[in-house]
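> Let the hints inform the model, and build the full structure from the sequences given.
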Amino acid sequence: PERAKQGGGRIAWHAWQPARERPPEEAFDGVDAVVNLVGEPLNQRWSEAAKTRIHASRITATHNLVAAMLAAPRTPGVLVSQSAVGYYGDRGEQIIDESTPAGESFDARICVDWEAAAAEVGDQVRLVVLRSAPVLTAAGGLLAELLLPYRLGLGGPIAGGGNYMPWVGLADEVGMMLWALDTKAARGAYNVTSPEPATNREFSKALGRALGRPAVMPVPKLAIRIRLGGELADAATASQRVLPRRALDEGYVFRTPGLDGALREALA
28 PERAKQGGGR
38 IAWHAWQPAR
48 ERPPEEAFDG
58 VDAVVNLVGE
68 PLNQRWSEAA
78 KTRIHASRIT
88 ATHNLVAAML
98 AAPRTPGVLV
108 SQSAVGYYGD
118 RGEQIIDEST
128 PAGESFDARI
138 CVDWEAAAAE
148 VGDQVRLVVL
158 RSAPVLTAAG
168 GLLAELLLPY
178 RLGLGGPIAG
188 GGNYMPWVGL
198 ADEVGMMLWA
208 LDTKAARGAY
218 NVTSPEPATN
228 REFSKALGRA
238 LGRPAVMPVP
248 KLAIRIRLGG
258 ELADAATASQ
268 RVLPRRALDE
278 GYVFRTPGLD
288 GALREALA
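Just so you know, we're using the numbering used here here: the sequence shown kicks off at 28 and counts up by one.
Straight-line alpha carbon distances no greater than 25 Å define the calculated DMTMM-like cross-link-like pairs of lysine to aspartate or glutamate that follow:
1. K78 <-> D117
2. K78 <-> E258
3. K211 <-> D56
The set of hints was computed from the structure by calculation and includes no laboratory data.
Structure, rendered in structure tokens:
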């Protein structure tokens with residue numbers, strides 16, 4: 028609420044419990060489009076209780092959001108709903124685009140159900156689903172967690188470094204959302220990821236260059252499993268060579284397509 032107040036009256040704040048109830052009807056007054064980013068963080072041990080919360084915070088919450096949209100006196104015309112590249116699971120060297128079928132891991136199943144909940148809007152609302160890669164920002168997420176060990180000279184490739192790890196710059200994460208809102212022809216699922224996927228080894232070297240630090244301390248997968256638990260460790264080290272084929276084909280221009288430039292911007 029405090030950050031909403033900083034909007035100088037341009038932001039209206041509505042509070043509700045997304046996994047338990049619909050948003051209030053007045054939240055949709057004068058609203059033309061909805062961007063759905065709801066969901067509990069995945070970077071926690073996937074205990075059965077955590078899995079239940081993760082599922083409810085995404086699928087049940089999105090179901091409630093869609094139901095409220097459709098029940099509003101004036102239904103918003105566009106829903107841009109978040110998903111993730113975790114949809115595809117571990118694919119090794121395979122090149123992935125939006126036509127690639129879903130994987131079978133926990134995070135893949137979550138994404139499938141999440142997208143299905145968004146699709147409950149039916150034909151009367153233009154739906155765009157954004158399958159996002161991890162966003163490079165020093166404010167949080169993957170990059171923020173890596174900064175301290177890399178600055179201490181303890182960074183390096185994880186689990187051999189051969190796995191492809193999709194990523195996207197913050198400018199393009201936001202840029203794709205705005206593009207999806209403004210582009211009336213945009214419908215369905217889009218991969219929100221750099222057109223230049225990198226292996227974990229390449230990412231490690233690039234981050235070391237950006238920080239002016241060595242990146243030669245390998246991290247065995249066993250260490251990741253001990254820290255994160257087996258299932259999350261498998262997801263964190265999965266290989267996903269994802270391309271944003273639909274976005275490129277339909278005219279989106281990436282602001283930070285290259286890893287070095289995206290890291291410089293994220294660390295500025």
